[in-house]
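Guided by the hints, dock chain W onto chain C, whose structure is given.
Quick mapping for you: the protein sequence lines, in order, are chains C and W.
The first sequence begins at 3 in the numbering used here and counts up one residue at a time.
The second sequence begins at 0 in the numbering used here and counts up one residue at a time.
Don't take each hint at face value.
When the alpha-carbon atoms are kept at most 20 Å apart in a straight line, the in silico DMTMM-like pairs for lysine to aspartate or glutamate are as follows [to be verified]:
id : chain 1 : residue 1 : chain 2 : residue 2
1  : W       : 26        : W       : 82
2  : C       : 381       : C       : 364
3  : W       : 26        : W       : 67
4  : W       : 210       : C       : 91
5  : W       : 251       : C       : 206
6  : W       : 223       : C       : 53
7  : C       : 368       : C       : 384
8  : W       : 242       : C       : 21
9  : W       : 219       : C       : 92
10 : W       : 246       : C       : 52
11 : W       : 124       : W       : 192
12 : C       : 216       : C       : 206
13 : C       : 367       : W       : 172
14 : W       : 231       : C       : 280
15 : W       : 223       : C       : 34
16 : W       : 223       : C       : 364
17 : C       : 36        : W       : 165
18 : C       : 117       : C       : 71
19 : W       : 234       : C       : 280
20 : W       : 103       : C       : 364
21 : C       : 132       : C       : 158
22 : C       : 132       : C       : 34
23 : W       : 174       : W       : 187
24 : W       : 223       : C       : 280
25 : C       : 360       : W       : 123
26 : W       : 124       : W       : 184
If you're looking for bench data, these hints aren't it; they were derived computationally from the structure.
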Amino acid sequence: MSERIREKLNILADAAKYDVSCSSSGGNRKNDNKGLGDSHASGICHTYTEDGRCVSLLKILLTNHCIFDCAYCVSRKSNDIERAAFTVEEVVQLTMNFYRRNFIEGLFLSSGIFKNADFTMERLLRVVKKLRLEERFNGYIHLKTIPGASEELIREAGMYADRMSINLEMPTESGLKLLAPDKSHQDVIKPLGFVQNQIVQFKEERKLIKSVPKFVPAGQSTQMVIGATPETDKDIMHTADAYYRNFSLKRVYYSGYIPISNDNRLPILGTQPPLVRENRLYQTDWLMRFYGFHVNELLNDANPHLDIDIDPKLSWALRNLQHFPVDINVAAYKVILRVPGIGVGSAKKIVQARKFGKLRIDQLKKIGVSYNRAKHFIKCADTPYQLKDFQGTQIKSFILAESQSKYLKTDTSQLILF
Amino acid sequence: MEIYIFDGSFEGLLCAVFEWFERKPGKICLKPEATFQPEAFTTPLFIHNDPKKAERVWKGLQGKLAKDWIRRFYCTYLSELEEAYTALFEFSCYLFVNPPGAEKNYGNPDVLLLSQIARKVEREKHRMEAFIRFQHTADGIFYCGIDPDFNVLPLIMNHFRNRYADQQWIIYDIKRNYGLFYDLDKVEEINIDFKERPTLLQSSAHVLSEKEGLYAVLWKDYFKSANIPARKNTKLHVQHVPKRYWKYLTEKQV
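Isolated chain C, as found in the complex:
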């Protein structure tokens, strides 16, 4: 018995690992029934795999049998791999026992599509219901919405899950049609919109009646595969921005494509996954969500790609030197936030601290500003007077000369020929 469960866990965890989302934040379920588990507002990463990704949830597929044949997916119908399926009881026992030992924050349950969407969704629903109702489990549950499942099932699942997600897979419709002819973005938009409507509706009702149950309290997320199809960074981020706005998503994840098949529509086996590009996309995502940048400022027709050697905030600053230097002691918080080398934490501290006197270079360094980078863009109380105005390219070479890129060793992206 224990041998079989080990085998299943290996197969189904292996198949689920390409789903990037592992966040356990935003849940607010309290342990008020003397059961097991309690959400931690900021989420907890219990360990990290050797590739440096966090492990916060038990991320598994219910089964890797699938009726679809999407070229980018390991579980595609035509792929010759071992197949397995968990029973409801097995998933529940694994989750409970891992949780009791403080291995995980909760469960991330996804599944290949077997038979049809409703049949699959109904199985997922049975797992979460058993956890919540029979085992009194209050930990985090992230559930995949199965595109095409009936609204009643999705609605019921939403009552028990903390977060639901559906993957866009490819950033553009044409990319998706190329690799997965059976799928379309419309299949994703419909359930995303449905869950979003329900979230708003439940929130409204809760304002009037306190006993209305929670519905997907940690919101929705989605994921896009990067580098499998020839989209520009601009396409990707504009799609992400549209989904953030239209569906109030909590997160969009970008997953660098890892070659898994010999299909000639895809990068060949052994190609390095585009890790730097993925990192730059996440940086852009953060700039959009926390730094008040509009996606058009960072990526537009003149600059459809992000720079690989410098981060997007720096490259925006170098393109827009007319906004600098910024005087740290008088500039608005939003303006300070746009200076390369100053993050949210430092910007907040600066705004509070300058009420007590003009800030000097040594104080900025101690506060946590990365001064070597920021010094080209700011003025403070004891900035040396400088007559010469540097060009953007000069500043870039100064910064690159004194920084050690952690990516240079692994940077193998192909050059454009024409």
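Chain W in isolation, oriented as in the chain C frame:
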């Protein structure tokens, strides 16, 4: 410069602040009794603990500081660092002689140091919440031994009580030799006389429940399966899970 010696307790620290305001000796140096070395040319002042004085200072601080800063103050105390005691002392004096809101002056070295140490302690607390691995023992208690850099047990107590409300557990600080025991109703402080103090119990010790081995193996398997070898990034891995914590982690045991 005068030297104040206190017993290392929170109460003692607050009393030192009280004494300073009674005498106003100018710049002083505050040291805990445990590490104090007598000096030839200064006579130290030993601070006597007086709950009433401590209470007054604590009330004063609570009047001056918002909740988040009170938490930072307490966290900094739990760091048990010598520079933390000095920073707390200087910080309190600075607060009491300045108008309200002075704690936001990050240009002041004590304010900055306090907020930085508090962050370190909160980080250690968060790491404990993440890296503690319970083992189910034969008598039904979930056990874990830890030796955190800072004294974080008081900070993690509520988290574990709320989360594991339906199982008995012990978290034991083997460095400071005390632990917390939850008996399904309340959390108590306990002391155990260990012969040796491992963070994880060995499966050969016959103190573990019979299913424990299976779940440890399943967890190790899962940890291996979740890894994507094509993305290997050891530097990032070690940055997130520093090596000194590996002894806690089931998945890192051979």
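Quick rundown of the hints versus the structure:
{"no.": "1", "hint": "W:26 with W:82", "in the structure": "holds, 15 Å"}
{"no.": "2", "hint": "C:381 with C:364", "in the structure": "holds, 13 Å"}
{"no.": "3", "hint": "W:26 with W:67", "in the structure": "violated, 28 Å"}
{"no.": "4", "hint": "W:210 with C:91", "in the structure": "holds, 16 Å"}
{"no.": "5", "hint": "W:251 with C:206", "in the structure": "violated, 47 Å"}
{"no.": "6", "hint": "W:223 with C:53", "in the structure": "holds, 11 Å"}
{"no.": "7", "hint": "C:368 with C:384", "in the structure": "holds, 15 Å"}
{"no.": "8", "hint": "W:242 with C:21", "in the structure": "violated, 27 Å"}
{"no.": "9", "hint": "W:219 with C:92", "in the structure": "holds, 17 Å"}
{"no.": "10", "hint": "W:246 with C:52", "in the structure": "holds, 16 Å"}
{"no.": "11", "hint": "W:124 with W:192", "in the structure": "violated, 25 Å"}
{"no.": "12", "hint": "C:216 with C:206", "in the structure": "holds, 11 Å"}
{"no.": "13", "hint": "C:367 with W:172", "in the structure": "violated, 36 Å"}
{"no.": "14", "hint": "W:231 with C:280", "in the structure": "holds, 15 Å"}
{"no.": "15", "hint": "W:223 with C:34", "in the structure": "violated, 35 Å"}
{"no.": "16", "hint": "W:223 with C:364", "in the structure": "violated, 46 Å"}
{"no.": "17", "hint": "C:36 with W:165", "in the structure": "holds, 6 Å"}
{"no.": "18", "hint": "C:117 with C:71", "in the structure": "holds, 14 Å"}
{"no.": "19", "hint": "W:234 with C:280", "in the structure": "holds, 18 Å"}
{"no.": "20", "hint": "W:103 with C:364", "in the structure": "holds, 18 Å"}
{"no.": "21", "hint": "C:132 with C:158", "in the structure": "holds, 13 Å"}
{"no.": "22", "hint": "C:132 with C:34", "in the structure": "holds, 18 Å"}
{"no.": "23", "hint": "W:174 with W:187", "in the structure": "holds, 18 Å"}
{"no.": "24", "hint": "W:223 with C:280", "in the structure": "violated, 23 Å"}
{"no.": "25", "hint": "C:360 with W:123", "in the structure": "violated, 33 Å"}
{"no.": "26", "hint": "W:124 with W:184", "in the structure": "violated, 23 Å"}
Hints 3, 5, 8, 11, 13, 15, 16, 24, 25, 26 from the earlier list are contradicted by this structure; the remaining hints agree with it.
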